[in-house]
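Asks: Using the sequences provided together with the hints, build the complete structure.
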Amino acid sequence: MITEPRIIPTPYVTKPGAIRTSTGKTIRTDEMIINMGPQHPSTHGVLRLEIVVDGEIIVDVIPHIGYLHRCFEKHAEHMTNYQQVIPYCDRMDYVASMNNDWGFALAVERMLKIEVPPRVEYLRVIMAELQRIASHLVAVGTFGIDMGAFTPFLWTFRDREKILDLFEMTCGARLLYNYIWIGGLSHDVPPGFVEKAKEFCSYFGPKLKEFNDVLTYNEIFVRRTANVGVLPPDVAVNFACSGPMLRGSGVNFDLRRDDPYGVYDKFEWEVQVGKGEFGKVGDVWDRFIVKVREMEQSVKIIEQAVAALPEGNVQAAIPKRIRPDAGSEAYVRTESPRGELGFYVVSDGSASPFRVKARGPAFVNLSVLPEISRGCMIADLVAIVGSADIVLGEVDR
Amino acid sequence: MQEYLIGLVGEPLVAYVLMAVVPLVFILVYALVTLYMEMKVAAHIQDRVAYMRTGWHGVLQPFADILKLLQKEDIIPAQADRLLFTAAPFFVFVGTYVGFAAIPFSSGYVGADLNLGILYIVAVSSIVVAGLLMSGWASNNKWALLGSLRSAAQIVSYEIPSALAILVAVMIAGSLNLNEVSKFQEGGIFNWVVFGGPGPVVTKLLLTPFTLTAFFVLLTAGIAEANRTPFDLPEAESELVQGFNTEYSGMKFAMFYLAEYANMFLVSAITVCLFLGGWQSPFGSFMSGPYWGAFWLIAKGMFFVFVQVWMRWTLPRLRVDQLMHVSWKVMVPFMFVCIFAVGLILVW
Amino acid sequence: MTSQEILDTLKSLCGDAVLDAKLDVLQPWISVEPLKLAVVAKALREDPRLDFDFVMCMSGMDHNNGTLGAVYHLYSMTQKHKIVIKAIVKNEDARVASTAAIWGGAEWHEREAYDMFGIVFEGHPDLRRILLPDDYPGHPLRKDFVVPEYYNGMKVPY
Amino acid sequence: MDLYTISFYMFAVLLLGSAIVVVFSRNIVRAAFALMITLLSIAAFYVLMMADFVGIVQLLLYVGGILVLILFGVMLTNRQISVDIREGAIQTIPAVIVTSTIGGILAGAIWSTAWPMREAARSVAATAPVIGEMFLTTYLLPFEVASVLLLVALVGAALIARRERKS
Chain F
1 MITEPRIIPT PYVTKPGAIR TSTGKTIRTD EMIINMGPQH PSTHGVLRLE
51 IVVDGEIIVD VIPHIGYLHR CFEKHAEHMT NYQQVIPYCD RMDYVASMNN
101 DWGFALAVER MLKIEVPPRV EYLRVIMAEL QRIASHLVAV GTFGIDMGAF
151 TPFLWTFRDR EKILDLFEMT CGARLLYNYI WIGGLSHDVP PGFVEKAKEF
201 CSYFGPKLKE FNDVLTYNEI FVRRTANVGV LPPDVAVNFA CSGPMLRGSG
251 VNFDLRRDDP YGVYDKFEWE VQVGKGEFGK VGDVWDRFIV KVREMEQSVK
301 IIEQAVAALP EGNVQAAIPK RIRPDAGSEA YVRTESPRGE LGFYVVSDGS
351 ASPFRVKARG PAFVNLSVLP EISRGCMIAD LVAIVGSADI VLGEVDR
Chain D
398 MQEYLIGLVG EPLVAYVLMA VVPLVFILVY ALVTLYMEMK VAAHIQDRVA
448 YMRTGWHGVL QPFADILKLL QKEDIIPAQA DRLLFTAAPF FVFVGTYVGF
498 AAIPFSSGYV GADLNLGILY IVAVSSIVVA GLLMSGWASN NKWALLGSLR
548 SAAQIVSYEI PSALAILVAV MIAGSLNLNE VSKFQEGGIF NWVVFGGPGP
598 VVTKLLLTPF TLTAFFVLLT AGIAEANRTP FDLPEAESEL VQGFNTEYSG
648 MKFAMFYLAE YANMFLVSAI TVCLFLGGWQ SPFGSFMSGP YWGAFWLIAK
698 GMFFVFVQVW MRWTLPRLRV DQLMHVSWKV MVPFMFVCIF AVGLILVW
Chain A
746 MTSQEILDTL KSLCGDAVLD AKLDVLQPWI SVEPLKLAVV AKALREDPRL
796 DFDFVMCMSG MDHNNGTLGA VYHLYSMTQK HKIVIKAIVK NEDARVASTA
846 AIWGGAEWHE REAYDMFGIV FEGHPDLRRI LLPDDYPGHP LRKDFVVPEY
896 YNGMKVPY
Chain L
904 MDLYTISFYM FAVLLLGSAI VVVFSRNIVR AAFALMITLL SIAAFYVLMM
954 ADFVGIVQLL LYVGGILVLI LFGVMLTNRQ ISVDIREGAI QTIPAVIVTS
1004 TIGGILAGAI WSTAWPMREA ARSVAATAPV IGEMFLTTYL LPFEVASVLL
1054 LVALVGAALI ARRERKS
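Protein chains in written order, with the working numbering: chain F, 1 to 397; chain D, 398 to 745; chain A, 746 to 903; chain L, 904 to 1070.
Calculated directly from the structure, the hints in this document are not laboratory data. This structure is a prediction, so every number in the text was calculated from the model and none was measured. Heads up, a few of these hints could be off.
Pulled from the structure, derived: some chain D residues nowhere near chain F, Cβ distances all over 10 Å [unchecked claim]:
1. Y413
2. V414
3. L425
4. I442
5. L464
6. I472
7. Q476
8. F482
9. A484
10. V495
11. S554
12. M568
13. T605
14. P679
15. L712
Below, simulated BS3-like cross-link-like pairs (lysine-lysine); rule was C-alpha separation at most 25 Å, straight line [to be verified]:
16. A:K767 with A:K787
17. F:K207 with F:K162
18. F:K320 with F:K113
19. A:K767 with F:K113
20. D:K465 with D:K437
21. F:K74 with A:K900
22. F:K266 with A:K825
23. F:K275 with A:K825
24. A:K888 with F:K74
25. F:K207 with D:K437
26. F:K113 with A:K827
27. F:K113 with A:K835
28. F:K162 with D:K437
29. A:K787 with F:K74
30. F:K74 with A:K831
31. F:K113 with A:K831
Just so it is clear, CB atoms sit at the ideal spot from N, CA and C, and this is done for glycine as well.
Replies: Here is the structure:
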């Protein structure tokens, strides 16, 4: 059955004249509708924001997504093998491919009730945390560009290159790895990887401090970001925000700790939350600093994981054709750099998944955007979009 | 110089044209140098190497860039106002270029030795504002319009603190003629207006805090008027795409670029002439004279151009309300206090 | 709370809406009456013992037997427990009460389910297509969806 | 023909041409920009008459201030931009009578006045100090009255602009 698509006119929440000055008077201006995107430097991809502005003040934002929709879920249903879905997961959140692979692999492993060897668990943690640093580096770097600071962006990309080099020596690819497989890894890390990873950890700390000096605590930057786009904790939870977006609002929640997977419980590290150091809790600066501090924590985790890396096999004994029981289903969530990345996998007993739903953190985090950007300025909207750290590949899937 | 040229070529008209061409040649050469410098400085700040292939360390790259810009297709959007769209870059460039007429490059070369030199520069810069508005409106693009309105509002706002800061130097030097102001600061670095100008030590000490404030205000306001970071809101690429020059390409875009670079030097040169001795040598009579004068002015000017480049690649950008706040609620009151104090000290 | 306790509490709050439950699987689920989903959601959200405040995921489903499903994976930030709520509807009458007013996080997911499966969420504030163009024919994640040969004059299977 | 005369005629043509565009342009923004050229040419005339201070102030106030204000006004009320601002000719005959009368009077006045002709000054001493001194001595009262008047106008304008809309 094909139903006619219903086109509902866009509702504008604020009426003309509803924006008031600090003294409570209305400002007599007309509204203008501007399209920010789909090709705009600060929408971080092909996102289109339909903005209703009153002067430079935003009355309403209507995000339009789907420009990068590649039918991930449809593709997944048409694979002949569960394993074939992994490369598509890579392409969802293309700046954090390792985490995506792990998320899907974990969901299938839970359905099949497979235990993976300890070396796999440790290597997955190392890869995921390296990827988290790489992803956060892109996030904070591009956020710097949104604020007009170009230099920190190139610094972060310089450091990201080191991580990509590590990935390249591991699996030959620099962006889309297809490394974490169901039941294990595609292959073991090459000799010399552990040393290089250790070297990176000692290299990265001072660079992060340098980055903080030039951007994070810069007076102009703080003034641009503090008290902007405040996302209160209750709204954040209600809109199911996750990751740095949720923690920036002061909610102490991290799936690595609160819904454990992998071997995260074996390491010493802390969940970072926004404390409202320069403004209200949950502002753009808080979301930003959470990412910066998470990178430090990730370095800590990597150091411990590398030190404790056990020897062993990198592939569990799994059937060549994975056929989970008919009717079995699993929703498994992992903490990707952007937040809760969930895969809902349903099986009908055949070799291909019956239904795969990917719950992209950026998709959900973006849905709160209109809530927190009304009444701010266009420049603030740029800051809010930047701090939400969306990857359109994952929003649109 | 004028008389010399008239004597040389015989025909006054030709001499005047030659006089007018000298700054243009200077701007073109300077723009190439600055283009190279900006890219290299940016690269070193950002931990990379920039141009390395064309010529030794890529010195020929600016020429290649200019050639590339000149060859590019000149696109005029279908909905644009063709006449104004074409005219705008010229207004913007001319507004900056005519300002160079009053800059004393050395004791021997001033394009036009105007009695009201500095006032003239401030006045002609308003042509730039009109040109920017023209470009934004003619592009028929909302982002461009927003950018040009922002830009105009910014330049108009920052003209006030900069004019007040200029007034401080003018009050001390007692002239609006930039050449006279430069002459006034004779006798080494401590006779510069930024240190209170030549005069008794007590007056100098009293004046220095105010002149220093005025100097920094003038420099900051100058950067704002040149639309450079951290005041580059009109072309803030993260918000307004490219602001008023979003729709421009090829030669016209090059024109905006040239105007921006020329403006960077112009504001630096004004600051230098008013507060840092203009063409005067910092060592008194050592290394002074007409030729050294040109060297000193350009060297000092280039230093501040370098400062602007340095700031651009280091600082984030202000928000539009913060920008206005800085101008109206911080700089203007400070400058009023400075003018009042300087007036009192001078009369006393 | 264990899932049995959750089921019991939910039955005591709005027992007539609960249709079915399966608690001995990997992720226990409760099936509810589709048009009473909003009532159930309100109970789940507002009862302090349940306090499901976080929609982990909301997925549309096509069971390939003439029924569609809306599957809500819920989590409680305070109680730290999870439950899966399913609302199963017939293909011909795919109407589910929207929970977007209770959980803001469900709003876009419901739009996506509408987009992909044609499940109409009644009471949704802004039920438009989200990922596909507004003029797209049909709902592609349904099992009976046939890829059109042409879309807006473009040949689809390229 | 020397440089002075060339400049004079050049600016005269520019002035008249742009003024005609201001009056006859169908596009209000183009009219505003043509007005800028008119004002610039007037400034040039002041300079040619060696009234450099007046010329520069003309540039500063009219081009930098008033014209930018007009442009802001025109651009921000963007509904009017595309509208043809020329109305059809109404009351042609009275208009012709009035304009020709006034024009005749002006022409007669210009014709009958004995204009003192003298060689244009080729160089001039600094005018700014003289003007400044006169403002603060001979013309102190008018100067102050004018500034108070402007201040009142400023405050009034701000008051009107910020008044709340009666709903």
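Asks: Evaluate each hint against the coordinates.
Replies: Structure-based check of each hint:
Distance check on Y413 of chain D: its Cβ is at least 43 Å (rounded) from any Cβ of chain F, clearing the 10 Å threshold; non-interface status holds. With a minimum CB-CB distance of about 41 Å to chain F, V414 of chain D clears the 10 Å threshold, and the non-interface call stands. Distance to chain F confirms L425 of chain D as a non-interface residue, since its nearest Cβ pair spans about 26 Å, more than 10 Å. Listed as a non-interface residue, I442 of chain D fails to keep its Cβ farther than 10 Å from every Cβ of chain F; the least gap is roughly 5 Å.
With a least beta-carbon separation of about 25 Å from chain F, L464 of chain D lies farther than 10 Å from that chain, consistent with its non-interface assignment. Distance to chain F confirms I472 of chain D as a non-interface residue, since its nearest Cβ pair spans about 16 Å, more than 10 Å. Consistency note on Q476 of chain D: stated as away from chain F, and its beta-carbon is indeed over 10 Å from all of that chain's, at 15 Å minimum. With a least CB separation of 21 Å from chain F, F482 of chain D remains clear of the 10 Å interface cut-off, as annotated.
Once the 10 Å rule is applied to beta carbons, A484 of chain D is consistent with being away from chain F; the minimum gap is 26 Å. Listed as a non-interface residue, V495 of chain D keeps its Cβ farther than 10 Å from every Cβ of chain F; the least gap is roughly 30 Å. The non-interface label for S554 of chain D is consistent with chain F: the shortest C-beta to C-beta separation is roughly 15 Å, beyond 10 Å. Taking the minimum C-beta to C-beta distance to chain F, about 32 Å, the non-interface status of M568 of chain D holds against the 10 Å cut.
Every Cβ of chain F is farther than 10 Å from the Cβ of T605 of chain D; the closest lies at roughly 26 Å, confirming the non-interface assignment. With a cut of 10 Å on Cβ distances, P679 of chain D stays outside the contact zone with chain F, its closest approach being about 31 Å. With 10 Å as the threshold on Cβ separation, the claim that L712 of chain D sits away from chain F is violated: the shortest Cβ distance comes to roughly 6 Å. Under the criterion of a C-alpha separation no larger than 25 Å, the hint pairing K767 of chain A with K787 of chain A is consistent with the structure, at around 21 Å.
Restraint check: the Cα-Cα separation between K207 of chain F and K162 of chain F comes to about 12 Å, which is no more than 25 Å; the hinted pair holds. A hinted pair counts as satisfied when its Cα atoms are at most 25 Å apart, and K320 of chain F with K113 of chain F qualifies at roughly 16 Å. Straight-line distance between C-alpha atoms of K767 of chain A and K113 of chain F comes to about 19 Å, which keeps the hinted pair within the 25 Å bound. The suggested pairing of K465 of chain D with K437 of chain D holds, with an alpha-carbon distance near 19 Å, which does not exceed 25 Å.
This hinted pair checks out: K74 of chain F and K900 of chain A have alpha carbons roughly 19 Å apart, not beyond 25 Å. For the proposed pair K266 of chain F and K825 of chain A, the alpha carbon gap of about 21 Å is at most 25 Å, so the pair holds. Between K275 of chain F and K825 of chain A the alpha-carbon distance is near 23 Å, which keeps this suggested pair within the 25 Å criterion. The hinted pair formed by K888 of chain A and K74 of chain F meets the criterion: a straight-line CA distance of about 10 Å does not exceed 25 Å.
A C-alpha spacing of about 22 Å is found between K207 of chain F and K437 of chain D, which places the hinted pair at or below 25 Å, so the restraint holds. Under the criterion of a C-alpha separation no larger than 25 Å, the hint pairing K113 of chain F with K827 of chain A is consistent with the structure, at around 19 Å. Annotation: proposed proximity of K113 of chain F to K835 of chain A is violated, straight-line Cα distance about 32 Å (limit 25 Å). Restraint check for K162 of chain F and K437 of chain D: the C-alpha separation of about 24 Å stays at or below 25 Å, so the hint holds.
Taking the CA atoms of K787 of chain A and K74 of chain F, the gap is near 32 Å; set against the 25 Å cutoff, the hint is violated. For the proposed pair K74 of chain F and K831 of chain A, the alpha carbon gap of about 21 Å is at most 25 Å, so the pair holds. Simply put, K113 of chain F and K831 of chain A have alpha-carbon atoms about 23 Å apart, close enough for the 25 Å limit, and the pair holds.
Of the numbered hints listed earlier, those contradicted by the structure are 4, 15, 27, 29.
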